[in-house]
Amino acid sequence: MLFLKPPMPTAQRCVSCAAAPALESTGFAIPGLFVFADCRCPACGKRYWVHLPIGFDIFLPTTIEPDTGVVHSPQAGEWLPQLAAAAWQARTDKPVPVEFVEHRPVKRPLIVNCVENIYGHVLMKLYAVPRQIRENPDRDVIVIIQKSNAWLVPDGVAETWIVDVPLRQGHIFYMDLHEKFSARLRQWDEVAIAGSVIGEDIDITKFTRMPLFDYTSEAALAAPKATFLWREDRCWTYRNQPVPRERVVLEQAAAMSRLAETLRERVPDIDITVTGFGRTGVFPEWVKDWRLNQGERPDELAWLRLYSQSHVVFGTHGSNMLLPAAHAGSSVELLPIFKHGNIGQGYNFLAGTAWGQAITRYRFLPMSCSMSDIATILNLLIREARMTAFWLQSNAAPNQDAKYRLLLRHGKIFAHQPPIVVAD
Amino acid sequence: MQALHPRPELNQFCPVCPDRPQLEVGGFQIPSLFTLIEARCPQCRRDFLVLRPNSWGLHYWAMLEPATGKVHSSMPDGWLERMLAWGWQSKHDRPVAIETVSHRPVRRPLIVNCIEHFYGHCLGRLFDVPKVVANNPDRDVIAIVQRPLAWLVADGVAEVWIVDTPLDQGHAFSSALAAELKRRIAQFDECGVDGTGLASKTDITKLTRIARFDWLAEASLARAAITFVVREDRCWLYRARRTPQAEMARQQVEIMNVLAQGLLHYIPGVDIAVVGFGQTGRFVAGVQDMRVGLGQAPDEIAWTRRYANSHIVLGVHGSGMLLPAAHAAASIEITPLDKFVNIANAYDFIADEYPVDAVRHHHFLPMSVSLTEVATLIGATLHFVRTSAYARQAHRADPATLERLQAQYGHLQNFPQPMIIES
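Note that the protein sequences, when read in sequence, are chains E and A. Residue numbers 71 to 494, in this note's numbering, belong to the letters of the first sequence in order. Residue numbers 200 to 622, in this note's numbering, belong to the letters of the second sequence in order.
Note that these hints are calculated values from the structure, not bench results. One thing to keep in mind: the hints can contain errors.
One side only, chain E facing chain A, incomplete, derived with CB under 7 Å [to be verified]:
#, residue
1, 159
2, 162
3, 165
4, 408
5, 413
6, 417
7, 425
8, 426
9, 428
10, 430
11, 432
12, 440
13, 441
14, 443
15, 447
16, 450
All residues carry an ideal CB built from backbone N, CA and C; glycine is no exception.
Generate the whole structure from the sequences, applying the supplied hints.
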């Protein structure tokens, strides 16, 4: 656990003075995503903001001079120091609305700052909240979070500070935000802040309050349901073929439509819905199009309910796949070439999942794979989800007759499924 | 465990009579991979050979009418039913040699029948042996196994009965085998049968006696080691292209060579070896060729050690990948379209892996993917493995060691970049 108040000493030294004296920590700064110790050189008086080892940056020490924007880091080329530089460049004094939601009185605050500029990072920081609550029963957890993600804050926190900052701009230095946080924290002498938030094992339903795919429900055995996730900023370029930029989104719609039709040919009663942001292109009439315009606010609960009723969800890799994959029976993510290193990131909801389920239900496929492969795998995942549902329900059946009736009613789901082969 | 001798356990009804009377139990037969209970319907007087309700038949029932060869089952036209029918149709009376390896006297035998038609299924049954031994301390476990897999019978069994049935004949009903096994078992006052083939949490080292990839060894941070596993009966057809049969093995070597050259270029000092059956083609300089000819007996121990020293093993999906994947840190299986239904079968050996690590370390790629993506995934997987090994070692290190590790291997934290391979 780290502390904002009283100020924590820092090992950082002044880079300007020849003697490099240790910096004196005098306060803190939380202008958004970043959490700094506000430090000063006792010799030359120069100010530094030393980033606290929080979140993904525990391996990337970063210090910035708030007066000049100069960033110091042994790994200056890495993403965090560069983000700090960009954040300073984009710094602003404009007012930022903050809603302080009080759930219970706060005596010993422990901050978990979930402000971020990447949705997946928000989730990963949020994942830390239940553990902070559990491991610090003598403290009152305060979550700082952007408005669009506030609904995911789990129960048990003492306060939620909801900031009206767009997701993509979460990294920017908002001086007004820092002022508001400082003013709010003035009432306490001691303020702790959570450090590392990596590698939490979580129960996703604690955040979404939405049950997972229910293998014991009749629906799990009934009509197969698939959901395609749509985004226009990272498209499925079929087989990684080069596509002119202006055509890429339309091509994605065409590929998804073809996939839907291919699946339907094999599974005539399949029910497919598309969710996501951006409304370019059209799908076959029978596909439910739930997409929204960019920037429109979704009905998160309706989308989540859809995921949790889906035998499989499918889309291009990205943090938008996390909640769908967490709630559906299975998932397929198509990986762009530069995202192979991100496989499984944010998949902390797998904790407690059996190994076999982990590697069979959650598939990461390179984008160069063929339509036949994708359709075959989706079809098999649907079948496996239904077979799992069958066995769970069969094992729970009260007697042999009930098992037999179940078999008679749903035995067709065991029918051999040869590969789906389509011309590329 | 179920009783087999003198009176087998069975709770099954007649599949023909409408009011489904309970079958009357007779003796048993083990003519092949099937362990069968002889039974008769008290009403219609039909005889049946009922598949022991265990092993692959755990969730199904299936039985054969020896008078007609007809198979009845709860899963009509399922693979198990077809296999049973095929086994019956392939019945023969050729002699089958059985070698007995005795480790200690047998008083209360408990049979684990590991005969199978597929190598992967054999492994699945062998996975059971340590568990059966542990769960039945008052019993003397006898493993029945085909010769090529006898080395994988775990310690603790009382006897191993090694049968000279070729792997691809494991399904065929052998009257000689059935008679000899019945004779042997009849010598005991009682005998049980166990083993589900559906074991979970298998410790593979109990079978191979070779330690798995050592995440705590500094070697795991140093030189990257990758092993290609080849087979010539199911080849890597690049991008799933149609390839003449005669060309497949040669083209597979070609594509592996292109991949190897790419890896040698992008991963300085990478140690690449090839194991497997079939010696078509030659590999490029820098690749160690450990293959043996088709039908030749390999040095299983040397191969398994190689897997255990590998960060990644890569090959076409099949049971030939199981021991490699079980011992290496990570695996990539190039999977034909018709095999996706089988992925991760018998991967019980990763049961102790953290689920997120499991999805990062074990990949099943469609055959249609490009070499660039295979290579890039190798790079990413290598990154996952080495950063994980680094974290484990750093966690245990004293300050001086930590500083040295950071200086020497800190670069392993760098995010992996795509490896572009022209193909």
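Evaluation of the provided hints:
Look at residue 159 of chain E: its Cβ only gets to about 23 Å from chain A, farther than 7 Å, so that hint breaks. Among the interface hints, the one on residue 162 of chain E is violated; its C-beta lies about 30 Å from the nearest C-beta in chain A, farther than the 7 Å criterion. Annotation: residue 165 of chain E was flagged as interfacial toward chain A, and the flag is violated, the nearest CB pair being 37 Å apart, outside 7 Å. Checking residue 408 of chain E against chain A: minimum C-beta separation of about 6 Å stays under 7 Å; hint holds.
The interface hint given for residue 413 of chain E is met, as the beta carbon of that residue sits about 5 Å from the closest beta carbon of chain A, less than 7 Å. Hint on residue 417 of chain E holds. Least Cβ distance to chain A is approximately 5 Å, under the 7 Å limit. Because the closest C-beta pair between residue 425 of chain E and chain A is about 5 Å apart, less than 7 Å, the hint holds. Taking 7 Å as the C-beta cut-off, the interface hint given for residue 426 of chain E holds, the closest approach to chain A being about 6 Å.
Because the smallest distance between the Cβ of residue 428 of chain E and any Cβ of chain A comes to about 4 Å, under 7 Å, the interface hint for this residue holds. With its C-beta approaching chain A no nearer than about 5 Å, residue 430 of chain E sits inside the 7 Å limit, and its interface hint holds. The criterion of a C-beta within 7 Å of any C-beta in chain A is met by residue 432 of chain E, whose closest approach is roughly 5 Å, and the hint holds. At its closest, the beta carbon of residue 440 of chain E sits 4 Å from a beta carbon of chain A; the interface hint therefore holds under the 7 Å criterion.
About 9 Å separates the beta-carbon of residue 441 of chain E from the nearest beta-carbon of chain A, more than 7 Å, and the hint is not met. The interface hint given for residue 443 of chain E is met, as the beta carbon of that residue sits about 4 Å from the closest beta carbon of chain A, less than 7 Å. Checking residue 447 of chain E against chain A by beta carbon gives a least distance of about 6 Å; that is within 7 Å, so the hint holds. The beta carbon of residue 450 of chain E is positioned within 7 Å of a beta carbon in chain A (closest approach about 5 Å), and the interface hint is therefore held.
In summary, the numbered hints that this structure violates are 1, 2, 3, 13.
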